[in-house]
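Could you put together the complete structure from these sequences and hints?
Protein chains in written order, with the working numbering: chain A, 1 to 148; chain B, 1 to 124.
In short, the hints are calculated from the structure, not lab data. Worth double-checking, as some hints may not be accurate.
[Said to hold, decoys possible] Short derived list, chain B residues pointing at chain A, Cβ under 10 Å: (1) Thr27; (2) Trp96; (3) Ala99.
[What the hints assert, rightly or not] Chain A regions said to be covered by chain B (calculated; three or more residues, Cβ under 8 Å): (4) 27-33; (5) 50-64.
Heads up, the beta-carbon is just placed ideally off N, CA and C, and yes, glycines get one too.
Here are the chains, one letter per residue:
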Amino acid sequence: MSEPAASSEPAARADSTRTGPGRLLVAVYGLFALSASARAAVQIATKFGHAPVAYVLSAFAAAVYILATVTLAVGSPVARRIAIVSCSVELAGVLAVGTWSLADPATFPDATVWSGYGSGYGFVPLVLPVFGLLWLRRWTRRARASTG
Amino acid sequence: MSSVNGAVPTTIIVAGLALAGYALLMTALNRRMSVILLGALGVLEILLLVEVGIIVAKLAGGTHPASLPTLIGYLIAMPLVPVAAGFWGLLERTRWGPAVIAVAGLVAAVLMVRLHQIWPIIHV
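Now the structure itself:
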């Protein structure tokens, strides 16, 4: 039988970016890391000449997702800093590639994770870095509050 | 040989969405992981394994989709979803454990739709 958690407050005190809501975040990031890298690997291995720009961007997106997943799961101060960079790059990437794919569809005969702002993935790629950065900001503040 | 097998993917979609709904309710109610959630996750795992078996049987029958590597990737990844979610969710002793299970349910449903796109003879 499940019982209510003792308190909704920091009672179950999150001790890292991987705990609490971060558990969900890392799960979704891991999912995208896996699916983006598998997709990029298949695209590049089987039909690279068909849409080279799209496939290179797929591979880049995959690398960013892997980095974000690992650093969020590690959660040390250094990892948090790398995670902030990778989430920012991811947000910039989905906005840039999303715009590019709509403005110049000829370059994207085949979709990437970030095409159309992630429309092929329920726009999760657009929302994910925002939640990632919000979550990381909470940690940056907490760290600042405890040291300063 | 094909349309009979639409029942399993459809069941997986319904089961996945039901699991996701129940797990999200548990998150909203601030509950932790429960035996019920783990049991439901186990049922989802069995259904996914059955679907993998059905697809492997179709491949053994000699037909295959346009993108065989993609399908094989799905066959490998599908059964790992509930296992990974169960492992990761159990590490969490708060409401966010069930939230991880909800993701697994949604992913299972989405995977069935994608499978149909990869290989249309897999009916949903």
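Verification of the supplied hints:
| no. | hint | result |
| --- | --- | --- |
| 1 | Thr27 | holds, 9 Å |
| 2 | Trp96 | holds, 5 Å |
| 3 | Ala99 | holds, 4 Å |
| 4 | 27-33 | holds (count 4) |
| 5 | 50-64 | violated (count 0) |
Of the numbered hints stated above, the single one contradicted by the structure is hint 5.
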